[in-house]
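Following the hints, position chain B against chain A.
There are 2 protein chains.
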Amino acid sequence: MPEATPSPHCIVLDWGTTNFRAVLVDASGTILDRIETQDGIQSVPKSGFEAALAERIAPWWAAHGLLPIYASGMIGSRNGWVEMPYVAAPAGIEDFAKAVRRVALRDGGSILFIPGLTDTAVKPFADVMRGEETQLVGFGLDRDATVVLPGTHSKWARIAQGRIASFRTFVTGEIFGIVSRHSFLSQVAKPQALPDWTAFARGLDTARDPKAASGLLSRLFSVRTGWLAGELDAGEMTDYLSGLVVGSEFREARELGWFKEGQEVGIIGAELMAEVYRRAAEAFGLKPRLGPTDAAMRGCLAIAKVAESSGRQAKAKPAAGVTS
Amino acid sequence: MPEATPSPHCIVLDWGTTNFRAVLVDASGTILDRIETQDGIQSVPKSGFEAALAERIAPWWAAHGLLPIYASGMIGSRNGWVEMPYVAAPAGIEDFAKAVRRVALRDGGSILFIPGLTDTAVKPFADVMRGEETQLVGFGLDRDATVVLPGTHSKWARIAQGRIASFRTFVTGEIFGIVSRHSFLSQVAKPQALPDWTAFARGLDTARDPKAASGLLSRLFSVRTGWLAGELDAGEMTDYLSGLVVGSEFREARELGWFKEGQEVGIIGAELMAEVYRRAAEAFGLKPRLGPTDAAMRGCLAIAKVAESSGRQAKAKPAAGVTS
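Residue numbers (our numbering), protein chains in the order written: chain A, 1 to 324; chain B, 1 to 324.
It is worth saying that the hints were derived from the structure and are not from the lab.
Hints may be right or wrong, so weigh each one.
Claimed, not checked - Distance condition first, Cα-Cα at most 20 Å in a straight line; then the derived EDC-like pairs of lysine to aspartate or glutamate: (1) K211(B) x E255(A); (2) K123(A) x D142(B); (3) K123(B) x D233(A); (4) K123(B) x E55(A); (5) K98(B) x E308(B); (6) K123(B) x E231(A); (7) K123(A) x D294(B); (8) K305(B) x D294(B); (9) K123(B) x D209(A); (10) K211(A) x E255(B); (11) K123(A) x E308(B); (12) K287(B) x D142(B); (13) K123(A) x D209(B).
Only chain A is shown next, with the shape it has when bound in the complex (with noise of 0.2 Å):
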C-alpha cells in the first residue's frame, strides 16, 4: 500500500542561548523536516527575532503556509522575545496550558510560548528551568518518577500525581566544561576522541567513595594528585573529571534526598550524555530508564494542544502587549 502524503501540521521551536533549532511536525508528532542553526538567542537583538524567525522557516512557510508555531526554552525568557514569568511548581499540563502566551507575527500566522518553570522552595533563591519543562511532559507524567535531566546546568526533578512537583539545578556540565579548558588541568590533560569508561568509572568511584571524598573543591584535586602520582595519564584526565563531576552531581543529589539505592531513575538526554548518566546511575546503585530522545517535541505539542483545545489563547496579541 503506499503511504499517505505526510501532511506538516506544525513547527517546534527549540531556541536556545547558543543554538537556533525548529522541526516541522505532523498530526502525529513525527518529524518531517528540521533546520537548525548556531544563532542562538544571545546572538540576535531582541529586536530582532521576528525577522530572524522568519528567515530561518521561509521555505517551510513558503511550502505549507502559516503553520503554527509552538515555543519553549530561553526564547521565552529575560534575553529572549518575550519573558514569559514561570509557573510554579507543582506544575502538570493544564497548569502550562494556562499560561501559554500567544504572539500575533507581522506576517500573519502566531507564535505561541509554552512558560518556564519555578520551584519557589528551593533556598535561598527560588530554582527554575526553560525547556526542562517540556521534556519532562515528554517523558510522561502519568506515573510517578524521578528524573534526571542531564546538560549544562542539569535538573533533578520529582513527577507526582500527574505533575512536575519539584525539581532541583545541578552546575555540573558547566563546571566540567570551565574546569576542563580553563584550570590546572587544562595544560596536561589530553583529551580523547572517544570517551574512556575506565577512566570516568574511577571518577565516579571517587566521587562515591566516603573515605576518599567530601565535597567537590577537595575531589577536584585528585585529577592532579592522580596524575602527579603517575595514576591518571594525561589521556584520562579529563574523562576521569567528568566521573568524578558527574558523580558528585549524584552524591549530591542522594543528600538532598532526590533517590535512595535500589530506586528507578528516569534520565533524559541525547546520546552520549544519556549513557554518560546511564552508567553514573548504575554506579549509585539506580536503575535507570531512558526517555525518548524528542521528548521536548512532544512536551510541547502536549501543551499545546491543551492550549488550543481550551480556547484560552484564541485572541492573539502583538509582541509589545505581552513584555513588561
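Coordinates of chain B only, in the frame set by chain A:
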C-alpha cells in the same frame, strides 16, 4: 645612637608558577631588599633557570658577593629547576632539613632546595604541597593547631607535636576564578573594586545553611537564581560567589573533621585573602589567629639553618646530578 649597618646574610627565593620573588635577608630575618618579576617558572625553559636567576639577582651578587640562596615551592617541582621528592607527613623542621638538596651554580655559590610535603593518607591519591610547608614552619610548629592557607589551591593543615601531621587541598581559589571569568555569571556580573562584604556574607550564609544548601554544584546555581529573583544585583554577584565558594571550603573542611565550632584556626595569607578567610572563619564559629605575612621566608630560614648546621649538605653537586 647610629643604627648598625644591616648585613645581608642570604637570599630567599619564592619562584612560583607565575611570579618570581626574591628577598635579601639579614641574619635576624629582616628583609633588606626585594626583587619581583612576572617571570614564573612556566615562562622559563627548563635549562634556563640558572641564567634567569643570575640575571635577576646580579645587583645583589655584585654588591654582596655569593650569598647562600634558599628556595622552596614550585621551582622544586617537575616543571621547575630540579624535581625534589616530597617528604611524607608527619614532618617537622628536621625532616625537611634532612631532605634538602644543594645545587652548585656555575658562577660559584650554591642554591639549597627545600622539598615539598605529601600526605599519603589522602584517598584516592596522596595529597601534595610545595611552598606551603615553609609557611607552616614560619607560622610556628611549637603549638598544636589547625591552620588554613588560602590560595588557588587552599590547604588545611594540622600541626601536632612539633610537626605538620596531615593536610588537605581544596581548589577554592581556582573555582572562584574560573567561575567568575568563564561561567554563566561572567556575562552579567560587574565585579566591584572594593569587596562588598554584605554580599560576601550572604554567600557564606548560603554555604553554611543546612536548609539552603547541599553540595557546591547545586549551591552555585544560586548566583544565577539570586540575580533572576532580583535579590542579587550585578555588582553583588562576584562577592556573593566568593562567600559561597569560600564558605563551601569551610563546610567541606568541617565535614572532613578539620574543625569544630568554637575552636581556634590559624590563617596564613596576605592582606585581602587573610581578611576573606578571617570573616569566613568567624561565620563558621571559629577563632581566627592570623599568621605573619612573611611566614614563608621565616620557614625557609628555619629549615636552612638546621640543614646548614647539620653539615649534611656541605658538598654541593651540579644540578645534573640531582635530577632524575
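Hint numbers not upheld by this structure, sorted from lowest to highest: Violated hints: 2, 4, 7 and 11; rest satisfied.
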